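Peer 1: One letter stands for each residue in the lines below.
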Amino acid sequence: MTSMPGKSLKGWLTRIGDLFAFAAGLAVVILVMTTVVAVAGRYVFGQPIFGIEDVSRVMLAFVVAGSIAYGARRGAHVHVDVISMQAGRRVLRVTDTIARLVGIAVAFLTSYALFTKGLCGKACGYFTPNLSIPHMPFYFALSLSMALFGLILLVDLFTGTPVEEHSSEDDGEQF
Amino acid sequence: MPSDIMIGFLGFVLLLVLLAIRVPVGTAMLAVGAGGIWLLHPRGDVAVFSTLAGESFSVSSLYSLTILPLFVLMGNLSGVSGMSRDLYDAAHAWFGHRKGGLASSTIVGCAGFSALSGSSLASAVTMGRVAIPEMKRYHYSDALATGSVAAGGTLGILIPPSAGFVIYAILTEESIGRLFMAGVLPGLVLMGLFMAAITIQVMRNPDLAPDALAKVPIRERFRALLRARWIIGIVVITVGGIYGGVFSAVEAAGIGAFLAFVATVLRGAFRWPEIRKALGDTLASTATTFYILMGAFVFTPFVALSGIPDALNEWVVGLGAGPYTVLILCLLALIVLGTFMEGFAILVLTLPLLQPLLEGFGFDMIWFGVLMVIVLEMGLISPPVGINVFVVKGIAPDVPMNTIFRGVWPFWFAMGAMIVLLILFPQIALLLPNTMFGP
Amino acid sequence: DTEFSLSYFMGPKHRFNEAFFAPFAEKLAELSGGTLTVKQYPGGTLNSNPALQYSTVVEGVTDIAFGISSYTYDLFPISSSVSVPGICNSGIDCTEALWRAEDLIDEEFDAKIIAMWSNEPMAIVTRDKPIRTLEDFEGLKIRVSSNIEAEFLSALGAAPVSQSVEEINQNLANGTIDAIAIDPTSVRDFKLYEPGKYITLGMPTAGLPFWMLMNNQSYEALSDEERAWVDAAGGRELSVAGAVKTEGMAASALQLARDEGVEIITLSPEEVARITQAFEAPLNKFKAGTFNGVSGADIYAAMKGE
Ligand code: NA
Ligand code: NA
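Protein chains in written order, with my numbering: chain A, 1 to 175; chain B, 176 to 614; chain C, 615 to 920.
No lab work stands behind these hints: they were computed from the structure. A hint or two may mislead.
Unchecked claim - Once the Cα atoms are required to be at most 27 Å apart in a straight line, the calculated DSSO-like pairs of lysine-lysine come out as:
no., chain 1, residue 1, chain 2, residue 2
1, A, 122, C, 899
2, C, 641, C, 627
3, A, 122, C, 901
4, C, 726, A, 122
5, B, 452, A, 10
Stated by the list, open to error - Some residues of chain A that are not near chain C, with every Cβ distance over 12 Å (derived):
no., residue
6, 19
7, 91
8, 98
9, 144
As the list claims (entries may be wrong) - Listed below are several chain B residues computed to face chain A (Cβ distance under 7 Å; list not exhaustive):
no., residue
10, 196
11, 198
12, 224
13, 236
14, 238
15, 241
16, 459
17, 462
Bear in mind the structure is a predicted one, so any value in this text is a computation, not a measurement. Even for Gly, the Cβ is constructed at its ideal location relative to N, Cα and C.
Build the full structure now, drawing on both the sequences and the hints.
Peer 2: Spelled out as structure tokens, the structure:
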């Protein structure tokens with residue numbers, strides 16, 4: 001496969017990833033405001049808002065859904081690098097291919113699981129405990145994000161992008 | 176037909192192989208967890224899909240985890256708004272004149288910033304960008320300058336808020352607020368030990384740092400402190416708010432992020448590209464954490480199904496070793512793991528095994544959480560994989576990696592001393608949470 | 615031989631294991647001569663989310679699961695109705711009430727009911743302010759366990775909040791909340807006697823509905839004889855016997871709180887009457903409502919046995 005279709009496909013995936021990131025960024029802002037409103041409700045108005053954590057819960061699900069696809073593009077998913085110091089290029093090419101194949105399988109399997117389970121909706125008890133906000137849209141968002149994650153890995157596999165190209169040390173790690 | 180324990184054992188081996196060939200930690204745990212559940216569960220085909228979907232969604236909608244993106248955002252915004260620079264300048268004004276004082280200021284600045292940041296990496300990056308150029312200007316040795324940033328940054332997960340404690344709390348079902356409070360005093364003591372490590376170094380080798388600088392006049396010192404009022408104010412409100420019962424730890428994160436945003440605007444630092452970067456970095460951190468957590472939530476049921484925790488428990492109890500022998504062996508094993516593994520992965524991989532074992536011996540899991548976080552801090556700066564060292568290398572590209580690793584080892588021993596102190600005096604960790612919430 | 619998997623999200627030392635799960639397994643093994651056994655998966659091994667226990671049993675991830683109706687109230691409004699004040703006033707009484715409405719509740723579950731029971735009516739734990747009268751509820755930030763409790767306590771002027779149970783001890787200690795409404799045994803489980811100084815008993819309310827359900831396919835795959843053993847090991851008898859046991863545990867938990875210096879307050883008959891009066895508006899609203907196609911009044915009558 002030549003790199004051109006891969007590149008343009010990658011451009012598209014990047015754009016979709018950015019769209020996810022935009023939505024997730026918005027959700028982070030809503031998450032902040034929800035907390036402020038919850039605290040203000042208790043102190044300023046002397047009346048806690050019953051079940052407002054449910055709004056935080058679904059916003060978090062949305063943030064996670066948006067960030068996983070975005071993080072895949074930014075190379076935010078941590079791997080342990082002990083091999084690249086010892087192994088040669090050829091070995092790395094083989095191991096990176098295996099690593100990507102595992103990643104692709106896991107991403108699509110999880111995406112599929114989330115989609116099919118999400119369909120069950122209310123009958124399976126998929127809604128928040130207090131305000132009964134349905135989980136279904138958030139299951140689908142997470143499913144889409146995992147699918148996008150899988151697609152990004154698939155394109156990387158065909159274009160042969162080295163794993164290092166994605167990892168930038170200042171992003172994405174918690175510790 | 177291999178036994179369940181054998182399958183569990185092979186699962187661990189496969190996990191290590193996958194990690195060695197650079198499979199991301201989350202992916203590796205999801206893959207092995209799903210495969211293991213399929214083999215071990217009486218209805219594996221049904222259970223795999225149910226677990227993948229159910230656990231990955233559950234972890235993504237866990238109320239207590241909203242704390243993670245919120246605190247990360249708060250830390251990122253305080254970098255954007257220049258508040259972290261003010262903090263360093265204040266530390267500089269108070270401690271800079273002593274021999275090795277800029278390195279000590281770096282440690283104090285890192286500790287202060289850690290009260291806003293849940294992540295050691297963010298602490299090292301944010302403070303390093305400010306402190307390393309300054310120490311270079313005054314001809315500090317590269318080893319001491321970079322070492323103090325790499326080590327000081329690790330305080331990010333010991334001084335609350337802390338991503339390390341949040342994950343630990345989720346995995347062990349301990350209280351986040353209690354763990355946060357348990358980290359305060361050890362964080363301050365460790366800060367002191369780091370400063371002591373600097374003093375001992377410069378006494379033994381005066382070439383590491385320039386001779387004492389001129390003292391900053393007292394008025395200037397207070398002026399610098401006044402300029403840092405924004406960040407100090409936010410820390411007092413958020414951490415003080417948790418301690419004083421104004422809000423829960425999760426709420427403190429939301430309020431802190433909001434205040435950091437307000438401060439950014441009021442200080443005239445609101446610039447769209449930087450806000451976008453702060454949000455983007457927050458999302459990247461969220462992705463990292465939650466993807467690994469999803470892996471952990473799928474991997475843990477596999478470990479439980481295999482029966483390994485019970486078997487391990489029986490084996491250790493059968494050895495007849497005393498509780499402290501077992502504890503020290505556990506800590507040593509964790510320190511070894513920490514040399515090459517990422518701290519987060521260590522938590523999620525080992526806690527399902529360690530918790531039942533240590534609880535069986537009657538150890539306080541809040542106290543052990545503090546010990547574990549310090550061990551993770553050691554891992555952050557120890558070769559071959561020391562993430563904080565890599566980060567500092569990114570800020571100071573001209574300093575060789577070996578020089579940084581040479582600079583961090585005194586701090587590594589300071590952490591070791593902290594562990595000994597905590598084992599001898601558990602009250603350092605338990606005093607605050609127990610006075611606040613009762614034993 | 616058949617080995618049933620039994621999933622629950624608490625640890626194996628939880629009182630429900632002693633009162634319900636283990637007795638069911640013992641009875642089943644005894645009746646079947648050891649051919650039907652139960653293997654426990656405690657601690658959320660098969661699913662860690664309390665609200666998803668129902669879906670795990672319906673999907674067949676587990677043969678038997680334990681769960682709580684009010685965690686997914688919209689799905690199980692009928693069984694959740696046992697928490698409506700006035701229907702019953704003790705764990706045993708409420709367990710009987712659930713079984714009186716068995717036919718209605720059976721429709722809610724796409725699974726076979728093995729057991730269903732209720733815990734004790736709420737104890738109200740406070741730190742600063744003892745609850746003795748109706749007026750004491752005014753503006754009280756109180757943590758509740760269900761939507762129904764939230765609605766009825768609102769009618770007393772309280773401000774109900776929902777909080778995860780792991781955080782309530784700490785939140786009462788630091789004053790984020792004023793009070794916790796919870797079953798008496800949880801006072802011991804979550805060490806609420808440490809931050810709490812007062813416990814008020816005698817509220818004219820009921821506990822929460824719990825269940826053990828069996829996957830339909832797992833049940834139907836059994837022979838007639840085996841099904842009869844399962845029916846006999848579970849059902850009303852197991853449920854009521856378990857409720858009797860847990861009542862004893864609740865009493866000892868309260869005794870522990872008393873020993874720890876907590877003042878135990880029992881509401882006077884006059885205050886109970888006033889609170890019951892204040893409950894009337896939401897109660898009438900409940901009776902007028904429709905839940906999974908059944909009117910609130912019919913549920914109320916069925917559970918009361920009227
Ligand atoms: Na911190
Ligand atoms: Na290391």
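Peer 1: Give a verdict on every hint.
Peer 2: How the hints compare with the structure:
Only pairs whose Cα atoms come within 27 Å are accepted, and residue 122 of chain A paired with residue 899 of chain C is accepted, the gap being roughly 24 Å. Note on residue 641 of chain C and residue 627 of chain C: the hinted pairing holds, with a Cα-Cα distance of about 19 Å set against a maximum of 27 Å. A C-alpha spacing of about 24 Å is found between residue 122 of chain A and residue 901 of chain C, which places the hinted pair at or below 27 Å, so the restraint holds. Pair hint residue 726 of chain C plus residue 122 of chain A holds up; C-alpha atoms about 19 Å apart against a cutoff of 27 Å.
A threshold of 27 Å between alpha carbons decides the hint, and for residue 452 of chain B with residue 10 of chain A the separation of about 22 Å falls inside it, so the pair holds. No Cβ of chain C approaches the Cβ of residue 19 of chain A within 12 Å, the least distance being about 29 Å, so the stated non-interface status holds. Remark: the non-interface label on residue 91 of chain A is consistent with the geometry, its nearest Cβ contact in chain C lying 38 Å away (cut-off 12 Å). No beta-carbon of chain C comes within 12 Å of the beta-carbon of residue 98 of chain A; the shortest separation is about 30 Å.
The claim that residue 144 of chain A is not at the interface with chain C holds, since no C-beta of that chain comes within 12 Å of its own (minimum 21 Å). A least Cβ separation of about 4 Å between residue 196 of chain B and chain A falls short of the 7 Å threshold, and the interface hint therefore holds. With its C-beta approaching chain A no nearer than about 4 Å, residue 198 of chain B sits inside the 7 Å limit, and its interface hint holds. Against a cut-off of 7 Å between C-beta atoms, the interface hint on residue 224 of chain B holds, since the closest Cβ of chain A lies about 4 Å away.
Look at residue 236 of chain B: its Cβ gets to within about 4 Å of chain A, closer than 7 Å, so that hint holds up. Among the interface hints, the one on residue 238 of chain B holds; its C-beta lies about 5 Å from the nearest C-beta in chain A, closer than the 7 Å criterion. Nearest Cβ of chain A to the Cβ of residue 241 of chain B: about 5 Å, under the 7 Å cut. The hint holds. Because the beta carbon of residue 459 of chain B sits about 4 Å from the nearest beta carbon in chain A, less than 7 Å, this interface hint is met.
The interface hint given for residue 462 of chain B holds, since its Cβ lies 3 Å from the closest Cβ of chain A, which is under the 7 Å cut-off.
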